[in-house]
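Can you build the whole structure from these sequences, using the hints too?
Residue numbers (the numbering used here), protein chains in the order written: chain U, 1 to 374; chain X, 1 to 374.
For the record, the hints were derived by calculation from the structure and aren't laboratory data.
Take these hints with a grain of salt, some might be off.
A partial selection of chain U residues facing chain X, derived with a Cβ cut-off under 10 Å [to be verified]:
hint, residue
1, GLY42
2, ALA71
3, GLY278
4, LYS295
5, GLU296
Predicted, not measured: the structure shown is a model, and the values here were computed from it.
All C-beta atoms, glycine included, are put in the ideal place defined by N, C-alpha and C.
Protein chains: 2
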Amino acid sequence: MNFEVITKDTRTRARRGRLHLAHGAVETPVFMPVGTQATVKGMTPEQLKALSVEILLCNSYHLMLRPGHEAVGRLGGLHHFMGWDRPILTDSGGYQVFSLSALRNIGDDGVEFRCHLDGSTHFLSPEGAVDIQKALGSDIMMALDDCLGFPAEHAAAAASMKRSMNWADRCHAHFQKVADDSQALFGIVQGGVFADLRRQSAEHLVQRGFPGYAIGGLAVGEPNEVMYEVISAVEPFLPEDRPRYLMGVGTPADLVEGVALGVDMFDCVMPTRHARNGSLFTSGGHIVIKHARYKEDPGPIDSKCGCPVCQTYSRAYLRHLFMAGEILSSVLNTVHNLYFYLDTMRRIRQFIEFHRYDELLTEVRRRSSSAMEE
Amino acid sequence: MNFEVITKDTRTRARRGRLHLAHGAVETPVFMPVGTQATVKGMTPEQLKALSVEILLCNSYHLMLRPGHEAVGRLGGLHHFMGWDRPILTDSGGYQVFSLSALRNIGDDGVEFRCHLDGSTHFLSPEGAVDIQKALGSDIMMALDDCLGFPAEHAAAAASMKRSMNWADRCHAHFQKVADDSQALFGIVQGGVFADLRRQSAEHLVQRGFPGYAIGGLAVGEPNEVMYEVISAVEPFLPEDRPRYLMGVGTPADLVEGVALGVDMFDCVMPTRHARNGSLFTSGGHIVIKHARYKEDPGPIDSKCGCPVCQTYSRAYLRHLFMAGEILSSVLNTVHNLYFYLDTMRRIRQFIEFHRYDELLTEVRRRSSSAMEE
Numbered sequence: 001m002n003f004e005v006i007t008k009d010t011r012t013r014a015r016r017g018r019l020h021l022a023h024g025a026v027e028t029p030v031f032m033p034v035g036t037q038a039t040v041k042g043m044t045p046e047q048l049k050a051l052s053v054e055i056l057l058c059n060s061y062h063l064m065l066r067p068g069h070e071a072v073g074r075l076g077g078l079h080h081f082m083g084w085d086r087p088i089l090t091d092s093g094g095y096q097v098f099s100l101s102a103l104r105n106i107g108d109d110g111v112e113f114r115c116h117l118d119g120s121t122h123f124l125s126p127e128g129a130v131d132i133q134k135a136l137g138s139d140i141m142m143a144l145d146d147c148l149g150f151p152a153e154h155a156a157a158a159a160s161m162k163r164s165m166n167w168a169d170r171c172h173a174h175f176q177k178v179a180d181d182s183q184a185l186f187g188i189v190q191g192g193v194f195a196d197l198r199r200q201s202a203e204h205l206v207q208r209g210f211p212g213y214a215i216g217g218l219a220v221g222e223p224n225e226v227m228y229e230v231i232s233a234v235e236p237f238l239p240e241d242r243p244r245y246l247m248g249v250g251t252p253a254d255l256v257e258g259v260a261l262g263v264d265m266f267d268c269v270m271p272t273r274h275a276r277n278g279s280l281f282t283s284g285g286h287i288v289i290k291h292a293r294y295k296e297d298p299g300p301i302d303s304k305c306g307c308p309v310c311q312t313y314s315r316a317y318l319r320h321l322f323m324a325g326e327i328l329s330s331v332l333n334t335v336h337n338l339y340f341y342l343d344t345m346r347r348i349r350q351f352i353e354f355h356r357y358d359e360l361l362t363e364v365r366r367r368s369s370s371a372m373e374e
Numbered sequence: 001m002n003f004e005v006i007t008k009d010t011r012t013r014a015r016r017g018r019l020h021l022a023h024g025a026v027e028t029p030v031f032m033p034v035g036t037q038a039t040v041k042g043m044t045p046e047q048l049k050a051l052s053v054e055i056l057l058c059n060s061y062h063l064m065l066r067p068g069h070e071a072v073g074r075l076g077g078l079h080h081f082m083g084w085d086r087p088i089l090t091d092s093g094g095y096q097v098f099s100l101s102a103l104r105n106i107g108d109d110g111v112e113f114r115c116h117l118d119g120s121t122h123f124l125s126p127e128g129a130v131d132i133q134k135a136l137g138s139d140i141m142m143a144l145d146d147c148l149g150f151p152a153e154h155a156a157a158a159a160s161m162k163r164s165m166n167w168a169d170r171c172h173a174h175f176q177k178v179a180d181d182s183q184a185l186f187g188i189v190q191g192g193v194f195a196d197l198r199r200q201s202a203e204h205l206v207q208r209g210f211p212g213y214a215i216g217g218l219a220v221g222e223p224n225e226v227m228y229e230v231i232s233a234v235e236p237f238l239p240e241d242r243p244r245y246l247m248g249v250g251t252p253a254d255l256v257e258g259v260a261l262g263v264d265m266f267d268c269v270m271p272t273r274h275a276r277n278g279s280l281f282t283s284g285g286h287i288v289i290k291h292a293r294y295k296e297d298p299g300p301i302d303s304k305c306g307c308p309v310c311q312t313y314s315r316a317y318l319r320h321l322f323m324a325g326e327i328l329s330s331v332l333n334t335v336h337n338l339y340f341y342l343d344t345m346r347r348i349r350q351f352i353e354f355h356r357y358d359e360l361l362t363e364v365r366r367r368s369s370s371a372m373e374e
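If you want it as structure tokens, here you go:
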């Protein structure tokens, strides 16, 4: 793995970069669509490529349980399995263990949990998380971390962060033993909303030395300003020549704000999940396609959108598909929402290249406040 | 509309033809995928075109109820509405009124029924069926017919057939009044399993004069041999220079047999519905993808298949998608099954062109009997 910073914006912390991974290059800042179960829901790989998706995120938790990471490994790895030859990032499984599974017993060695599908018991250790992601063969794997709920007291956040740092060390050591150049392991900064803990965590990870750093434990219910403050508190302690990944974030406005604070990578289920629920992003805010007002609306979702759905289909047709429960509703809505996200990232990269990122920031903040007034 | 018979097989009744419709040409014999609610479930128009689909069938019953044929008409017609610029055939709605709706009151003027969605009451008359299909703007519309159940006595079949002939006359007369050259109206031969009634029905319709003739009321539960006998009984009374359409049929073997008996057009939900249920057609019979034996099967659905799914994905991945309830399962399975059907039609057309259709017939019959032995 190699990361180059191509240019930096002059008035914000925004950076325009390029990530070289085993399965290809990724222009940053980048948004990674989520392919939880080895598929971005409703999308073929061809459709993702037509949207110029360069990297996907897949969830180790789901894949270790079904069909099993060892099976995926025997079947040639995740890329071959799902027919996607561009880069993949996998998470460690930790977040889903904490959010989806039942009966978690967390200890220093890892976490025991019950599978949300069949109730079977499993144990996830730092070393196990690396082994799972090695079997999957992702380009970027993530260290196992302890995922703190929100809100949390300083003492709880400190203990959780220390456990995460211990696990990061163990992932790092195990990775050195078992992995090769085709994969990279990122560390994850934790510490809740506390700047001192976040700094301590960042410094710990940087001392250990990772090719990339994630900021975890955000977008878990805290106010947006708190999220931005935490990013601002962490960023100065992360090396400039390594990519920064803000996990699980966020709205289009969050992406623009995050980039201004120095973030290079994002992932979120929002565009794909919202699409299936009929909530569509537009330049004037989101629309809920099932509304009766769209019943005979001949216009596109967004007249300013260049996506293939907006070129062909009316709001009336998309409403019809949604009301009829048709598969194509999810497909077309997902194409549109992913296009909106990827187009947002294209604009982000362009504004950085022109060293005028503050203009984009101003535009997005104005749009957000006017959308809220509607 | 214009139909040309390009060549005829020498030893069977198979014909190779071309149908010229308002939205383009269709090579026959042809299979029409079913796009019930203005979408072939799970497929984009681009995917259908990549499969070389030339004509779709859409259901008037569903569209008159949701979003409403008048709304579709105001939105520019069905082609524009669903983004499909190739030919469309619509049925009259009659079959679904008889199979899906509740509380049917059938009279000489039409049929009153309750919508399966909201219980609202509607009335479908022969003239109304034409008006609905005119609003939809399909290339081929179908006359309203009285759909007889199976089994039925001769007297009941005769009464039902006579009502259908009366309705066909009324559709024909109303069509002359309201429609234009951009649409064609097909008549439907009825008469149950009785050769004398089928002949009477065919002669009635031919005397009235339609640009194409359908054989209705088959594939409703009767044995396959009975279906083939009925087709054989009807075919001599249909003009050679008009297309013959066998409605709602059938298995791949049915298509091959039907063509041998002089049929030019088919439609059936089987490939698309089976796909969503995980039942996949192969040259060696169908496979049920959820079977545990495919859990780590690295091979394609069918090693002899040239479809894009078989080029890329393993049975193991397709099983995983099915077990995980992923949308992509329906999408990829549908691509494969439709390819199988369309490829069967391509082979049918080739064997007719080479005047060796009996060889295909022999091959398919041998394969069917060996598949049954498995």
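Against chain X, with CB atoms and a cut of 10 Å, does the hint on ALA71 (chain U) hold up?
Holds. Min distance 5 Å.
Does the closest beta carbon of chain X sit nearer than 10 Å to the beta carbon of GLY278 (chain U)?
Since chain X brings no Cβ nearer than about 15 Å to GLY278 (chain U), farther than 10 Å, the hint is violated.
Hint check: 10 Å Cβ-Cβ cutoff, LYS295 (chain U) to chain X:
Holds - the Cβ of LYS295 (chain U) comes within 10 Å of chain X, reaching about 7 Å at its closest.
Minimum beta-carbon distance criterion (10 Å), GLU296 (chain U) to chain X
holds, 5 Å
So, GLY42 (chain U) near chain X? Judge it on the closest CB pair being under 10 Å.
Given a least distance of 4 Å, the restraint on GLY42 (chain U) holds.
Violated hints amount to a single one, hint 3; each of the other numbered hints is respected by the structure.
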